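There are 2 protein chains.
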Amino acid sequence: MSTYTAPLKDMKFVLDELAGLAEVAKLPGYGEATPDTVDAILEEASKFASEILDPINYSGDQEGSIWKDGAVATPKGFKQAYQQYVAAGWGALPADAQWGGQGLPKVVATAVEEMLTSSNMSFSLCPLLTQGAIHAIELCGSEALKKTYLGKMVEGVWTGTMNLTEPQAGSDLALVRTKAVRASHPQLGDHYRISGQKIFITYGEHDLAENIVHLVLARTPEAPEGVKGISLFLVPKFLVRPDGTLGEERNSARCASIEHKLGIHASPTAVMVFEDAVGYLVGEENKGLAYMFVMMNAARFSVGLEGVSISERAFQRALAYAKERLQGKDLVEGAKTVPIIRHPDVRRMLMLMKSQTEAMRALAYVVAAAMDFSQKSSSSEERKRHQAFVDLMIPVVKGWSTETGIEIASLGVQVHGGMGFIEETGAAQHLRDARITTIYEGTTGIQAGDLVGRKIARDGGAAAKAWISAVNKLDSDLARSGNADIKALRARLSQGIQAVSDCVDFVVGTKDLRVTFAGAVPFLKLMGIVAGGWQMARAASVCEKRLSSREGDSSFHHAKIATARFYADHVLVQAPGLRNTVVSGAAGVMALTDEQFLAA
Amino acid sequence: MSTYTAPLKDMKFVLDELAGLAEVAKLPGYGEATPDTVDAILEEASKFASEILDPINYSGDQEGSIWKDGAVATPKGFKQAYQQYVAAGWGALPADAQWGGQGLPKVVATAVEEMLTSSNMSFSLCPLLTQGAIHAIELCGSEALKKTYLGKMVEGVWTGTMNLTEPQAGSDLALVRTKAVRASHPQLGDHYRISGQKIFITYGEHDLAENIVHLVLARTPEAPEGVKGISLFLVPKFLVRPDGTLGEERNSARCASIEHKLGIHASPTAVMVFEDAVGYLVGEENKGLAYMFVMMNAARFSVGLEGVSISERAFQRALAYAKERLQGKDLVEGAKTVPIIRHPDVRRMLMLMKSQTEAMRALAYVVAAAMDFSQKSSSSEERKRHQAFVDLMIPVVKGWSTETGIEIASLGVQVHGGMGFIEETGAAQHLRDARITTIYEGTTGIQAGDLVGRKIARDGGAAAKAWISAVNKLDSDLARSGNADIKALRARLSQGIQAVSDCVDFVVGTKDLRVTFAGAVPFLKLMGIVAGGWQMARAASVCEKRLSSREGDSSFHHAKIATARFYADHVLVQAPGLRNTVVSGAAGVMALTDEQFLAA
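Same order as they appear, the protein sequences are chains P and W. Just so we're aligned, residue -18 is where the first sequence starts under my numbering, counting upward by one. Just so we're aligned, residue -18 is where the second sequence starts under my numbering, counting upward by one.
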């Protein structure tokens, strides 16, 4: 059985050499992020992931969370693990010191989050949602709400949820029907009464924490139709007394059932029913959707990171099996039965897993660092520049890393052969878990629409072109290299960024929205592949320098260059084809009538 | 809830216009395959699939087969469905009249098989394995074995299995350890005693039929090592009396357990333990592997067809949901909430599902017809020519259709959004079921090795070049078209076949086996995509002719041309990239040491 080992060497390489941790640490408020502190945090997180979360991942999947009479019991070991999570202060890592947080940079928190998710995705969803809720309350909530809720949530003794979806309102939140009616009460003060049904509520009910803070989208009676009439409410499971302690009175927000899902079985996905539940307005009425997007952007980044995390875990499991399973003879050397890692096609699959995971990790961490710069840079121009990059890349990190994560988890099954199809092996769980990531927090189609519409067309391609320039700047670095692998990589990257540039021009120049959106997902995939190739090229270039000055771990540096080369010929190579699909693929998309689809 | 409707219109189009059913029907012995008879068979099969098998597909998945004390109970409804299957004579369709079969062409049986598998893949595996066993006994068994077993198996009252895999012997059958010792007995006559453990035995134990005929690979005591020392034995669950009736004595072949799998839950996957079980030699000693390949080739084709079948079913389910689910507004027309099929990205996904399913179906049926020609043509040259094409294409049909089938089933989940992740929706089952198809009967890596090694390198690319010529011949037809879609398709097909041609030259010219095998799977994918594109181009060309002469269903013909165009820009477009991976991708595959894979 494979056990999780955090890829600390690669994580540190990415943090130091690609994401610019040293520069991040110089930002105001991030002085604590010294190399020693960051190392210590990563080591501790790695232990927590391997020793506490990894051992309950498969058992949690098999057992699943169980609903009974409105209560949800999480699988064996989850409660204790969550207590240890709280005790160690992991939830407080990225939060503001004002609320008891440690105020560490996003890029450091990202590496920690990757480990927790790799070792146990179902577990990690509870903190993920809590972080999102903290973020929304911090940015949009009143001082009273902040004071009452944030301390407990940062500590982790209360958890948070996002209540968006209703049966008729999924991607289309304009259709939300849950109602919120103003009310007043001597003890409760000004509040609202919330009524309606929400579905797909991750950790909407559970036994890990003493309270659950639901953030709920609903409409007041006089609200305008559509997305402009949605407000955000905080609805606690147990009402909080004025002194901050928990009342015994249960709010009328109850879990009617949990879903029977393909994956993330340990994570309870609740159907929530609100019946005149007490809720408090977050921010102003009718601005709920904008607030929700605050949570959503962070959540989208985190879901993208889930793609990286599952890929890493699936890779480690497949690698362990490939080194141990004896089957077939070496193609050239013959004679004895060898571990299957000696077979070129198994190696190709492992390299696809490894190279793409590294590319996705590098891009995610670089975007996380950009979030830090966008928040803390002293220059407003720098903040803006970084924010534009972050906005451009969030749908790419989310869409590309999750789509690729599914492919990698599926390759993980394939490396195991027949054993991969047997649940006890564990490889199938990663595929089942990964399958939700391209759906929740906005499907890949939604991400791609965001990318081509809001992030590219709206500013006439300015942010995208700024990024293209940055990639083109790297070319002069690569041109100086005499290394054959880097030369090959350079050629593919240059074709790749040209493909992106063509597609940006195409999107900016096309007036027919249907044409633009017909190619949106292939475009997103192209962006991801090329952005990943950009990071692999940066990495290879750094490694070449380290090798020539004989600094550091030469085996690691050689491996990184070879991995980048593989990525170029097996992944980046798809860029021109994707460009052609974006530019000329719309014709076939809209041609059929609805009836012509089925020729039964 | 979506229900299965056989795509009879497309099936008949492919049979008539692409697979040449009229020519097949002229072959000796196939006189019964008149248009009316074939239509009637397809209609009946379609009803059986929709009315009997489809309704127990989801329930069968949820319930699963259950093992208890060595016996296996299949899910509710399976036994009755199997009785109806036998009563209707579906199992006898492709079998020889000598054994009670109807002797219909493979290409007709293929269309029927597609329907049974689309509606219930778990159910279909029992007949699939039985057909393979019939085939092996027919070709390699003694007259006595044929007489005793074939009639009952063709009728379907006895079923068949393939017992190849052992815990240490999966893809590498040289490692088989099961033993067979010669024995004699007054009642049983000359036989062998078989001892060993076999795993992953599909329908190795079940309650559908009164007897199970296991075909088992084992070694005699004096057999040479490796694959040259493997023999094939027939081991019945219940011994058969000399008069052909079943004895009450159970053979010592028992099912020790069944596996807990990702998918095909209704299909029991048995661990079989043989302890001095009575077995009969099939053919000669030490030739078992060659015989097994007879079964395997047919089984590989059938598994490829599973890719087509699941794709069709997943497509139908996604299409029904996309037409019914209201969410979001039309990008251009705005105003009211529309069914999601109006959104370009949903339509793109549906078109990916539809176009690839049609391309895969066309290729599979054309290969099935070639099997008929290879068996029954009066000219030996024709038989040889068709056999070479079949041999070339079997790994392509198997590998490409199954890999694509997984992608299509996954797209089916995606079209459903959050509902796709909920098991009750049914979309997830197709993904779980599809996931085995790239593994059993030889993984995609094994298929690709077969393609580049045995099917291309061995004959210096002769069979591949013959096929390339056939594709190039179509170009002059396409060149005559004034249709913009066909023109675009022509350009992509021409790039595609050039890519194949480059890769064939590369494989034939490369001496380093590791280099050839490193690109084998991308090459297989390329072959599949281009072979599918070839069929879509043939189809488009036929449809253009029908349109210009105003014959037949113009809506269907228009849709086919638009679908072919879509396929060109979204699928065939990947060919040059795949070529580059095959030709220059080996460098990165073998570069790392085993230790360099993990940088923990």
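Any given hint could turn out to be false.
For identical chains, the list gives no copy identity; a pair is met inside one copy or between any two copies.
Derived DSS-like pairs (lysine-lysine); straight-line CA-CA distance at most 27 Å [stated by the list, open to error]:
(1) LYS446 - LYS209
(2) LYS317 - LYS209
(3) LYS57 - LYS7
(4) LYS357 - LYS(-7)
(5) LYS310 - LYS160
(6) LYS160 - LYS7
(7) LYS57 - LYS310
(8) LYS49 - LYS7
(9) LYS317 - LYS492
(10) LYS526 - LYS60
(11) LYS28 - LYS446
(12) LYS317 - LYS49
(13) LYS133 - LYS454
(14) LYS7 - LYS468
Just so you know, these hints were derived from the structure itself, not from any lab. Since the model is a prediction, treat every value here as computed from it, not as a measurement.
Those earlier numbered hints the structure runs against, lowest number first:
1, 3, 6, 7, 8, 10, 11, 12, 13, 14
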